[in-house]
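A.B. asks: Given the sequences, and given the hints that come with them, work out the whole structure.
Residue numbering for the sequence shown follows my numbering, beginning at 22 and increasing consecutively.
Keep in mind the hints are simulated off the structure, nothing from the lab. This one's a predicted model, so the numbers in the text were calculated from it and none came from an experiment.
Straight-line distance between alpha carbons at most 16 Å, and here's what the computed EDC-like set of lysine to aspartate or glutamate pairs gives:
(1) K241 with E187
(2) K192 with D204
(3) K40 with E65
(4) K225 with D322
(5) K225 with D247
(6) K235 with D278
(7) K40 with E58
(8) K192 with D174
(9) K225 with D267
Distance ranges between label pairs, derived from CB positions:
(10) T75 with G144: 17 to 25 Å
(11) Q206 with N253: 20 to 28 Å
(12) T205 with G286: 36 to 44 Å
(13) A251 with D278: 21 to 29 Å
Glycine residues also receive a C-beta, built at the ideal position from the N, C-alpha and C atoms.
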Amino acid sequence: MRVITANGIEVAVMDQASKRIRLFGSLMGGREVQAEEIWSWSPEAASGFERLSTAWGLPTDAKIRYGRTNRLEMAVTDSLGLAAIVPYPEGGSLRWGLNAGGNPHSAELLPDGNIAVAASTGGWVRLYASSQGPDCSDYAEYRLPGAHGVQWDPLHQLLWALGDDELIALKVEGTEASPRLRDTQRIALPSDGGHDLQPVYGDKDRLWVSTRTKVYQFVKSSRIFDEHYAFNERISRAHVKSIGNDLSGRIVFAAADGVLRPETGYLNNDWCTDRVECGHRKDALVIPESALYKARVWNPDYQ
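C.D. replies: Right, dumping it as C-alpha cells:
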C-alpha cells in the first residue's frame with residue numbers, strides 16, 4: 022500500500038451518488054478532513070463494458086490485488102449485478118466481467134486468476150473461472166443465505182465467506198477451469214446480519230467481521246469472536262458497512278447514517294453515509310454530496 026504522507030493513507034470509497042469508485046489521499050489529521058481525490062473509476066469509461074451498462078449504478082465493493090502476471094487488478098461489484106476485474110490503475114479495459122445478478126456485495130480475486138463473488142439476495146458464493154477468458158461464465162457455487170463478504174487466506178489456502186448467520190471456510194478444489202468449493206468450517210456468528218469481512222493487517226490470525234449490530238475480530242486459531250480489540254468502543258456499533266486497518270494500526274470504517282439519499286436513484290436508500298470514520302482517533306474523512314456505501318484501505322495484500 023502506498024502511503025501518501027507520514028500521517029495519511031489511501032482510502033477508496035464506493036460512492037453511490039456519483040456511481041464511481043473514488044480514491045482519496047487523506048491526512049486524517051483534523052476533526053473532519055476533506056481529502057483530495059486522486060483517482061476514480063466507473064465502467065462507462067472502460068471499453069468492453071457496453072453490454073454491462075445496466076448492471077452498474079450502486080457500487081458495493083472494490084479491492085486491488087496482484088494478478089497472475091504480477092500486475093495490479095481491481096475486483097469490483099455492484100448491487101445491480103456487475104462483477105468485474107479491471108486493470109489498475111489504467112481501468113480502461115475489461116479483463117473479465119458479467120451481470121451475475123443476485124445483488125453482489127463483495128468479490129475477491131484469487132491468485133490463480135479466478136474471482137469469488139458473494140451475492141446477498143441470491144444467497145450464494147460463486148467462484149467464477151475468470152482465468153479462462155473475459156467472457157467465461159462457468160462457476161462453482163456454495164449456497165450461503167445473505168452472502169456479503171469473501172476473503173482469500175493464503176496462509177491456510179482457504180476462501181472465507183460471510184453470510185447472515187455464519188462465517189464459512191471454503192476449500193477450493195478442482196481445476197482453474199472447473200473449480201469446486203467445499204466447506205471445511207462453519208462458525209455461527211455471535212450476532213446476526215453478517216456484513217463485512219476483511220483482514221486485520223498485521224495479524225494473520227484475525228479477520229474483521231461486522232454484523233448488523235457489532236464489529237468483531239475473528240480469531241482463526243481459537244474460532245472466537247473477540248469484542249475487546251483496540252478502539253472497540255469507537256468502532257463496534259450498528260450498521261457498519263465496512264471496516265479495515267493499515268499496518269500501522271490506523272482503522273477506517275463506514276457506517277450507514279440512516280439519511281435518505283434519493284439522488285442515488287433509489288428513494289429508500291438509507292444505507293450510506295458521507296464520511297469515513299477513524300477508529301484510532303476522533304477524525305472523519307468527509308466527502309460532501311456523496312453516498313458512501315463502503316470504504317477500503319487501499320492495500321493489495323491478502324493479509
